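Colleague: As a plain string of letters, each chain reads:
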Amino acid sequence: MDYRRDIPLAITFLVGVIAVMDYYTTLKSVTDTFTVIKNWGVVLYAFALGIGAVNLFRVHGRRISERRRADWPFSAWLLLMIVMFVVVGLGTGQFETSSQYEWIYNAIYLPIDSTMYASLCFYMSYGAYKILRARNFDAFLLFITAIFVILGNTPLFPATFPVFFHIREWIFGPIVGGAYRGIRIGIGIGAVVLGIRTLVGLETGYLGRR
Amino acid sequence: MSVFTEERLVPLVAFVLAWLATYLAIQLGKQGKIRIRRIPGLDAIEEAVGRAVEMGRPVFEIVGMGSFTDIYATQTVAGLSILSYVATLSARLGAKMYAPQADVGVMPVAIELVRTAYTTEGKIEELDIDEQLPYLSGEQFAWAGGIIAMAARMKPAANIMVGPFWAESMLFAESFDRAGAMQVGGTARMYQLPFFAAVCDYTLLGEEVFAAGAYVSGDPMQVGTIGAQDWYKIVGFILAIIGALLATAGVPVIGDLLSL
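Protein sequences, first through last, are from chains A and B.
When the first sequence is numbered by our numbering, its final residue is 210 and no position is left out of the sequence of numbers.
When the second sequence is numbered by our numbering, its final residue is 1260 and no position is left out of the sequence of numbers.
Keep in mind that the hints were calculated from the coordinates and are not lab data.
Nothing here was measured: the structure is a model prediction, and the numbers come from that model.
Positions of the beta carbon are idealized from the N, C-alpha and C atoms, including for glycine.
Which chain A residues face chain B? A few, computed with CB under 8 Å, are given here:
1) Y45
2) N55
3) V59
4) Y117
5) M124
6) R184
7) E203
8) L207
Cβ pair distances, simulated, as ranges:
9) B:R1178 with A:G188: 32 to 38 Å
10) B:F1004 with A:V83: 51 to 57 Å
11) A:V54 with B:P1220: 40 to 46 Å
12) A:R58 with B:P1011: 41 to 47 Å
13) A:L49 with B:Q1027: 41 to 47 Å
14) B:P1108 with A:Y126: 35 to 41 Å
15) B:P1011 with A:P73: 53 to 59 Å
Go ahead and model the full structure; you've got the sequences and the hints to work with.
Modeller: Dropping the structure here:
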């Protein structure tokens, strides 16, 4: 018997069966047990946060001490920011609701986050350019469809030529909707089978292939 | 008061039938009676790792930023199965694999299975957990920015992304494409699938993500369960056709039955 493999599999089966029973039955004992399990999960995740922090300090602490890479000052900046956020959060005693914490979050983190998100439009435009080049008949059909969808989404064209709006609606309805539902059904079935495979201990990829 | 939750009776019956069908499929799989089609995206992973070895450049394996406690947990589990597979191939063939992490709950599992893969291949001394599986951030664009920077610096030869992805999917796909990486992308998140299909060399569509772990294992019992997936789809297809015809005729009996 391989305890490192069998004990996790037994725990997975037990917790999985309780989760399934919680969904399908009204038994109070099952609901209470599953609530306790979910609370354990929250506690375990809180501990795992520490692992992430330790990893960051180990990786970037090593880079700062070695100074072999040209980007080591960024490592120092990262650790400084982590310490600063923690100190401000804990120091005020109000954590993320304190005005000081909100200020550094809004002044430092949010602009960078928004910039990253905004850059997505350039990546999408470049991706669209690559895929919409009419290299063959299939790509040509995709290109024509995209033209109707893009123009149908603008305010000007559907107002001037209502046909653009109707074609766009037709593409999104029967064509995209049908394909979308087909893939959704496949995803649902695939998730159920993966769940069953995990519960019965056949899917062991998440344990490593022992 | 009923023991069973109201309005979930039909799903419960469907779930029990799914168990029975999966059991039957496992038995048939054991006897080698179930054959499944090839999935090019999964077959290409070995080629991608081999390419990285030949070019002397690293392999990236990204499982997304899902966790074990959200509704995308099944995709995360599927992604971890592929991570285990890629780690085994990388250790065996001698490629340097990087798997940046975003979720602190998934990270210890990822570390454990990569360590197991390297140990099994007798290459544990070649593994540097801190460098190869760094925790970047739990914030979406901080994590994305970190990976984009790694891709730009390291110029990986291969990038395998299987798991739940959000807006960062396009950032990754384009950044690795520019770095010259061969890419295999797979997710069951519908809105991100077109991005992977547009940019990646191979794409795992929806259900193929869930079949990935069983497929790469080569275990006949697991492969059998993929066969069961096809049975359910046939049943779903037949129900949809009959339901549509009956509903058109003014008899919505299938719809009423499924909503019980």
